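Colleague: Here is what each chain is made of, one letter per residue.
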Amino acid sequence: MHAARQIGGPLLQVENISLSFGGVRALANISFEIREHEVLAIIGPNGAGKSSMLNVINGFYHPQEGRITYKGKTRARMRPHQAAAQGIARTFQNIALFKGMSTLDNIMTGRLLKMRQPFFMQALYLGPAKREELEHRAFCERIIDFLEIQAIRKTPVGRLPYGLQKRVELARALAAEPELLLLDEPMAGMNVEEKEDMCRFVLDVNEHFGTTIALIEHDMGVVMDISDRVVVLDYGRKLADGTPDEVRADQAVIDAYLGVSHEETASAAAE
Amino acid sequence: MFYREAGQFKTSYAADQAIFPILQDRIFVAFLLLVAFVVVPVVANEYWLSTILLPFLVFSLAAVGLNLLTGYCGQLSLGTGGFMACGAFAAYKLSTGFPELNIVVVMLASGVITALVGVLFGLPSLRIKGFYLAVATLAAQFFLLWLFNKFAWFTNYSPSGVISAPPRAVFGDFFVTGPQATPAGKYLFALTLVALLALAAKNMVRCRVGRSWMAIRDMDIAAEIIGIRPLTAKLSAFAVSSFYIGVAGAMWAFVYTGSVEALAFQIDRSFQILFMIIIGGLGSILGSFLGAAFITLLPIFLSNAPNIFGLSISVDTVSHFEFMIFGALIVFFLIVEPHGLARLWQIAKEKLRLWPFPY
Chain A
3 MHAARQIGGP
13 LLQVENISLS
23 FGGVRALANI
33 SFEIREHEVL
43 AIIGPNGAGK
53 SSMLNVINGF
63 YHPQEGRITY
73 KGKTRARMRP
83 HQAAAQGIAR
93 TFQNIALFKG
103 MSTLDNIMTG
113 RLLKMRQPFF
123 MQALYLGPAK
133 REELEHRAFC
143 ERIIDFLEIQ
153 AIRKTPVGRL
163 PYGLQKRVEL
173 ARALAAEPEL
183 LLLDEPMAGM
193 NVEEKEDMCR
203 FVLDVNEHFG
213 TTIALIEHDM
223 GVVMDISDRV
233 VVLDYGRKLA
243 DGTPDEVRAD
253 QAVIDAYLGV
263 SHEETASAAA
273 E
Chain L
295 MFYREAGQFK
305 TSYAADQAIF
315 PILQDRIFVA
325 FLLLVAFVVV
335 PVVANEYWLS
345 TILLPFLVFS
355 LAAVGLNLLT
365 GYCGQLSLGT
375 GGFMACGAFA
385 AYKLSTGFPE
395 LNIVVVMLAS
405 GVITALVGVL
415 FGLPSLRIKG
425 FYLAVATLAA
435 QFFLLWLFNK
445 FAWFTNYSPS
455 GVISAPPRAV
465 FGDFFVTGPQ
475 ATPAGKYLFA
485 LTLVALLALA
495 AKNMVRCRVG
505 RSWMAIRDMD
515 IAAEIIGIRP
525 LTAKLSAFAV
535 SSFYIGVAGA
545 MWAFVYTGSV
555 EALAFQIDRS
565 FQILFMIIIG
575 GLGSILGSFL
585 GAAFITLLPI
595 FLSNAPNIFG
605 LSISVDTVSH
615 FEFMIFGALI
625 VFFLIVEPHG
635 LARLWQIAKE
645 KLRLWPFPY
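Sequences listed follow chains A and L, in order.
Residue numbers for the first sequence follow the working numbering, so the first one is 3 and each next one is one higher.
Residue numbers for the second sequence follow the working numbering, so the first one is 295 and each next one is one higher.
Keep in mind that the hints were calculated from the coordinates and are not lab data.
Being a predicted model, the structure only gives us computed values, none of them experimental.
Even glycine gets a Cβ: it sits at the ideal position worked out from N, Cα and C.
Among the hints, a few may not be true.
Said to hold, decoys possible - Which stretches of chain A does chain L cover? Using the computed rule of at least three CB atoms under 8 angstroms from a CB of chain L, they are: (1) 54 to 60; (2) 74 to 87; (3) 96 to 105; (4) 138 to 149; (5) 186 to 192.
Next up, chain A with everything else stripped away, as it sits in the complex (with noise of 0.2 angstroms):
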């Protein structure tokens, strides 16, 4: 299926990261390391951690131990908008798309990193502005054809679908031409349909684009279908890690996911 691609080196390497708010403890001791355009999938119990994961990642949280070394460097405090000028990009659980503005704009936005022009020139929208706005425009278009949202780009999003609104998160993360990309649920309350279209996304995006993806996600189905690799939280703790076979067979994540008998193992200490 992935002939075509090859998984590389480390590209984001997370080492013994802890996080606490107060006294919780979000994140306990949690290494692992993403691939080079490689599937991640980040699974895990309600409160895992998992979104508090992406969060350390894109530099939302910032981690009480532990470091994350992404390209080779390994970084101290940073900020959110130094993730995304690193080239991390994310969308969210609860969508966090701009409602005010169109479909298109969202996704204009998304690409604010790669425009130069200096206020003044935009002001005027002489000349270099103007073709800089008409470039990132055509590459939008690209991206509103790849992701099969052409009739919307005018809808403003806070009238569209669920579904769609899903898909417009996704194409503003891509607009950023991001070699990560961090996706949290993307598939979360989609009808079997959307979830195939969006899963189809997903693997194109990977395939054509080369993008490294770790995405959270309920849905077992999927995450066995479409990752390279899955790592199980559970409790702030990092239970398995490996290839979908693996973890699939991983005692410690089936208790946890069914979670232990206690029924079986009283009536087998009766008997």
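Chain A is fixed; fit chain L onto it per the hints.
Modeller: Okay, now just chain L, sitting in the frame of chain A:
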């Protein structure tokens, strides 16, 4: 029926990104500009020019300025009056201190000075939002007025605290301030400045800088993750907005009234301009103009309405009615369309495309 874009195919992104992509809109705007620049100065009398159209233009510019900050960047400000005063006094000090400076340069430079002051008072916006920020901007309003009242240096030690615009010409004999200036000349000067600055504002809001403001307005966390620096976006909005408001203040003092004291820019001025953009439409350049027209022109129309319809009502009854009808209309428009007159205009245009068919 007449307002149809059928058959107008856009073949380039440039055509699609134009401010007025529809031919009928372009014709209408060209017609409007022609009337404003050619017909009005010839036809209108002095009363119309200097008591109706000039304040409308000045308020429009201030409303555009505030709309950039509040409507586009989402930062509520109640310091508009203070910033207008800042522009007025900066223009006064510049034109009296450097008499050789051209009036256009004076206007723009006082805008720049106000922009710097605006950035200073915009710093709290990095920490506080919404109503709390509005209260913080009150500091600008009160501090600036206090400053201009307290230190006579700003009024060149005039005992009354009133500043009067020295006579200045744009070129040759074309005086726009002082006694030699004709109402038509003042009007044309103000109109040109307002039209150019409004065009610049429109360009800003459809380019990168405008998108970064709207992104901060709609979802500041997502904006930051895309790579927008809240510091740059918010402070640039404060700077540009204050620039516009400063130029409007300078125009108020120099072109509209000719002489002014700090009291003219009290807190009710800030509220007045805030109401203009709320009624006109937050996040719309057109809405700034509609709101300014509503707030400045409607009271004048209401007080003259009995005469127009040949009714004889005593003057004080008229003024009471004026307030009542004005208040009722504000409530009416806000209920009918909370997004302002600009949205009503947009809906009207959409309806017009289908007329005479219902859908």
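Colleague: Next step is simple, just say for each hint if it's right about the structure.
Modeller: Evaluated hints:
no.	hint	result
1	54 to 60	violated (count 1)
2	74 to 87	holds (count 6)
3	96 to 105	holds (count 6)
4	138 to 149	holds (count 3)
5	186 to 192	violated (count 0)
Against the hints set out earlier in the document, violations occur for numbers 1 and 5.
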